[in-house]
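Starting from the known structure of chain A, arrange chain B on it as the hints suggest.
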Amino acid sequence: MAGLLAAAAQEERPEFSQELHQRILRQVARIGAVGADRTARRLSSRQRWRVRLALAGCAVAVVLAVLAVTSARHGGFPFRVGPKTEQVANRMSGQTENPPEAVIHGNSREIGLFPDRSLAVIVSTPDRTVQQLQTQLTQLESGRWAGLDRDLLIASEMLKNQLPLNLVAQIRTGEQRTP
Amino acid sequence: MSGDESLRLLTDEELVQRAKRGCTRSFGELAHRYQVPIRHFLQRKYGVHQDAEDLTQETFLRAFKKLWSFREGAEFRPWIFTVAYRVALNVLRRRQWQSLTEGSVPTVQQARYGTGMENEEQRDRLWDRVQSVLTPLQFTVVWLFYVEQMSAREIGVIVRKSEGAVKTILCRARKILLPHLQEFTATFEDREEQPSRQVNNRWAL
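Chains as they are written, first to last, in our numbering: chain A, 1 to 179; chain B, 1001 to 1205.
If we strip away everything but chain A, and leave its shape as in the complex, we get (with noise of 0.2 angstroms):
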């Protein structure tokens, strides 16, 4: 078969044809000049994706100096490593968590697995929460009237002190007692 097909190819092969072959050079020599522009602006293009590099260079340069400056004026790095993240770093580096206190109820009667300390805390909680509150709640009161009440409360003391109500008093009473 290759014998045969090839041989009938042979014999219908055309000539070569020169006038084709001049057509072709002429366009040849007509498109390489712009061939040849088109080389240059390849090049310039090489060029500008060089620029571009740079450029790319430049912004990841300045990112990267903010970043040393900001964590340098804050004394590390600028992101706040959340709760989270460090219960992550934690897992990762093996530091286990505490494991949850278990507490069975039965009847009235607690069985406490967990140590006195946590239990002092949970029962001491309502009353310290109170003082904390009676706490705010004074410098609340002692900051509402900017010191005037406690001025005034002095006023009206040195003013008791100096005004002779006892003795009023003791009239009064003497009045009363004498029949």
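These aren't lab readings, by the way, just hints derived from the structure by calculation. Possibly wrong hints are sitting among the right ones.
[Stated by the list, open to error] Examples of chain B residues toward chain A, derived with CB under 8 angstroms: (1) F1027; (2) H1040; (3) Q1043; (4) L1061; (5) Y1146; (6) V1147; (7) I1176; (8) P1179; (9) H1180; (10) L1181.
[Stated by the list, open to error] Derived DEER-like restraints, expressed as beta-carbon distance ranges: (11) B/R1025 - A/A6: 41 to 47 angstroms; (12) A/E12 - B/S1006: 20 to 26 angstroms; (13) B/Q1149 - A/C58: 19 to 25 angstroms; (14) B/R1172 - A/G32: 41 to 47 angstroms.
Every residue gets a Cβ at the ideal spot worked out from N, C-alpha and C, and that includes glycine.
Structure of chain B alone, referenced to chain A:
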């Protein structure tokens, strides 16, 4: 030794490298070497002499424009045939589109085989018979394999198929061609008696 003679000593790939650096004479030498095979291929694909010349010119011009994309270390022959194959496909599609829209342009089959008596005469020729029984892809693969002596790998590059797919296409094409070519064997033997002995030995699959 003149410039053209020294160019003839260079390989295709060396000429391509020179042409990429702007030497149009090197490309001219390449066009000189491949004008006939490319025109033969395109002429067989279309069957219209003038169209084949135009397409050959178009192929070389496109190759010259796309020369920058030619990879170093690649072979030029499959590459130029790839360009020709793409040009042929584009023209075929354009013709099909024109035939659909205008109706006056001859269809691909008409352009390939002609009409009436011309058709009858052409079908008497071996490659016309091959072309009539094979699909365009099978025809291209068979042509490149048997006429241009290309390997399955090179053909795969041209038609964008794997090497295995090309071998499968070739095998199917052989099966299709075998009964059709039987009658040509006797004619061929009558026409070329002594010189064809070697060829006829190769005919056995």
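Status of the hints after comparison with the structure:
no. : hint                                : verdict
1   : F1027                               : holds (6 angstroms)
2   : H1040                               : holds (6 angstroms)
3   : Q1043                               : holds (6 angstroms)
4   : L1061                               : holds (5 angstroms)
5   : Y1146                               : holds (4 angstroms)
6   : V1147                               : holds (4 angstroms)
7   : I1176                               : violated (12 angstroms)
8   : P1179                               : violated (12 angstroms)
9   : H1180                               : violated (11 angstroms)
10  : L1181                               : holds (6 angstroms)
11  : B/R1025 - A/A6: 41 to 47 angstroms  : violated (32 angstroms)
12  : A/E12 - B/S1006: 20 to 26 angstroms : violated (33 angstroms)
13  : B/Q1149 - A/C58: 19 to 25 angstroms : violated (57 angstroms)
14  : B/R1172 - A/G32: 41 to 47 angstroms : holds (44 angstroms)
Checked against the numbered hints listed earlier, the structure breaks hints 7, 8, 9, 11, 12 and 13; every other hint is satisfied.
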